[in-house]
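Visitor: Below, each chain spelled out in residue letters.
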Amino acid sequence: MEKKFEIKDLITVGVFSALYSIVMFAVACLGFIPILMVFMPLLCPLVAAIPLMLYFSKIKHFGMITITGTLIGILMFIIGHPYPILIFCIGAGLLTEVVLKMGNYQSIKHCVAASAVFSLWFLGMVIAFFFSFRDAYFASILDGYGQEYVDAMKSYTPTWVFFAMIIMCLVGGTVGGLLGAKVLKKHFRKAGMA
Amino acid sequence: MEIGVCSNKNGAFIKLDPRSKLLLLITISIIMIGARTVEVEGVLRLICAAIPLVLLLSIREYKASFIYLLLLGSALICEKHIAPYTHGICNIVLMMICGLITRFVAGYMMGWYTVKSTSVSEFITAMERMHCPSFISIPMSVMFRYFPTLSEEYKSINDAKRMRELGHPFSQPLTYIEYILVPLMMSTVRIADELSAASLSKGLSAGEKRTHICEVSIRPLDVFAITGTMVMFVLFLVY
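As they're listed, the protein sequences go chains A and B.
Counting in our numbering, the first sequence runs from 1 upward without gaps.
Counting in our numbering, the second sequence runs from 1 upward without gaps.
Heads up, some of the hints might be wrong.
Distance windows between CB atoms, simulated [stated by the list, open to error]:
hint, chain 1, residue 1, chain 2, residue 2, range
1, B, Arg164, A, Gly103, 31 to 41 angstroms
2, A, Glu148, B, Ser205, 52 to 62 angstroms
3, B, Ser74, A, Gly192, 42 to 52 angstroms
4, A, Ala136, B, Ile47, 17 to 27 angstroms
5, B, Cys90, A, Ser107, 49 to 59 angstroms
6, B, Ile14, A, Lys186, 45 to 55 angstroms
7, B, Arg219, A, Ala139, 38 to 48 angstroms
8, B, Arg190, A, Asp151, 46 to 56 angstroms
Cut-off 30 angstroms, straight-line C-alpha distance, at most; resulting in silico cross-link-like pairs (DSSO-like, lysine-lysine) [what the hints assert, rightly or not]:
hint, chain 1, residue 1, chain 2, residue 2
9, A, Lys185, B, Lys80
10, B, Lys209, A, Lys60
11, B, Lys80, A, Lys154
Output of the computed footprint for chain B on chain A, the stretches with three or more beta carbons under 8 angstroms from beta carbons of chain B [said to hold, decoys possible]:
hint, segment
12, 12-20
13, 43-51
14, 69-77
For the record, the hints were derived by calculation from the structure and aren't laboratory data.
Computed from a prediction, not measured in an experiment: that's the story for all the values here.
Positions of the beta carbon are idealized from the N, C-alpha and C atoms, including for glycine.
Produce the entire structure from the sequences given, and follow the hints as far as they go.
Guide: Here is the structure:
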């Protein structure tokens, strides 16, 4: 940490984390439609990256985006996602920090890349379907959801889907970041807010 | 939403410490999502579902508790008695919706209760007692306080947008997103500025130790709640 944090920065972190997670939830509600469920890692970052880009334009210090990641992790953990989400969120926050730092917190290109990297935390939400978590997770939902549901979910999520989801996150984040840059240019530069 | 110095003026008859509220919240979420529906874990789920109801009633949120009861009840009935007789895509959709409701709604209600019944001052004091660093506790309290504001802002923006007959969510989703998101982002920037001005005038950035007048302490009821959650957690892990 080069410069000391001011209260102003902390408030910016809080407000924008709230906006980001609300947008995320709003889009994730579309996941009730079964076909869209699979494309959530693409859609969520796509829309949520727009406020994220505005947030990036406000970031001047090292550490702010890591705090956002941590906060989102805590929020997700509190509402009941399993613990790997914390690791994913903090990890994505730190990685994003590095990308932003490379662009010295000013370059638009690095911001777009950073929004792609930050959306990787989303993988923490779906990790339960894959790898070593898979069997335990499906066993735990078996009597609640019924055999038919479990079989269907199993057939939707072979291991390659996880890697497809990584790509979807990155693509969603990048396209969303570009969209966000456009929105910033159209609405916020003129008003002197970005 | 009123932001008082202390939250006990609305006459709640169960007063809990913010720390035990957080512990309850985490336990309820974990058990509601992780536990199976039979045997001991079934009983645990029932207890966990009942806690937010009692707490909501205790702060006189009758409407919210009624909605909660209705939602949970209908989802449970649907899950047990309707969904097993359906097949194919219908079964998956029903199971997913009911499963989400029965698993998440208790946690959400507990979260809502926590936000509703805790003032910012109490929350920050409790976080200080837990030795949580200020760079986590301040953004966190700002965030939780900003959620209700955000929904108010959204309502006003949506009204203004509808008055001009712009961007229907289904026929023009892109316009809809732009016309909602851009004003929301603008108001977010403005509110962030206003809040930092307010914090400056409160002297939050002075670096002195924060003082407060609200009573935040572990009372007998909190001890009961904390031991209760511990017992439930151990039971959950053993079975």
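Visitor: State for each hint whether it applies.
Guide: Results of checking the hints against the structure:
1. Taking 31 to 41 angstroms as the suggested C-beta distance range, the pair arginine 164 of chain B and glycine 103 of chain A conforms, at roughly 38 angstroms.
2. About 58 angstroms separates the C-beta atoms of glutamate 148 of chain A and serine 205 of chain B, a value consistent with the hinted range of 52 to 62 angstroms.
3. About 51 angstroms separates the C-beta atoms of serine 74 of chain B and glycine 192 of chain A, a value consistent with the hinted range of 42 to 52 angstroms.
4. Against the hinted window of 17 to 27 angstroms, the Cβ-Cβ separation of alanine 136 of chain A and isoleucine 47 of chain B comes to about 24 angstroms, which satisfies the hint.
5. The hint said 49 to 59 angstroms for the Cβ distance between cysteine 90 of chain B and serine 107 of chain A, and at roughly 50 angstroms that hint holds.
6. At roughly 50 angstroms, the beta carbons of isoleucine 14 of chain B and lysine 186 of chain A sit within the given window of 45 to 55 angstroms.
7. Range check, arginine 219 of chain B to alanine 139 of chain A: Cβ separation about 40 angstroms, and the 38 to 48 angstroms hint holds.
8. The hint said 46 to 56 angstroms for the Cβ distance between arginine 190 of chain B and aspartate 151 of chain A, and at roughly 51 angstroms that hint holds.
9. Taken as a hint, the lysine 185 of chain A and lysine 80 of chain B pair is broken in the structure, with Cα atoms around 53 angstroms apart against an allowance of 30 angstroms.
10. Of the supplied pair hints, the one linking lysine 209 of chain B and lysine 60 of chain A holds, its CA atoms being roughly 26 angstroms apart against a limit of 30 angstroms.
11. Simply put, lysine 80 of chain B and lysine 154 of chain A have alpha-carbon atoms about 22 angstroms apart, close enough for the 30 angstroms limit, and the pair holds.
12. Here's how the segment 12-20 of chain A fares: 8 of its residues keep a CB closer than 8 angstroms to some CB of chain B, so the rule of at least three is met and the hint holds.
13. Using a Cβ-Cβ cut-off of 8 angstroms, 3 residues of the segment 43-51 of chain A lie near chain B, which meets the minimum of three, so the contact claim holds.
14. Residues of the segment 69-77 of chain A lying with their CB closer than 8 angstroms to a CB of chain B number 5, which satisfies the three-residue condition for coverage.
Going down the numbered hints, you'll see the structure goes against just number 9.
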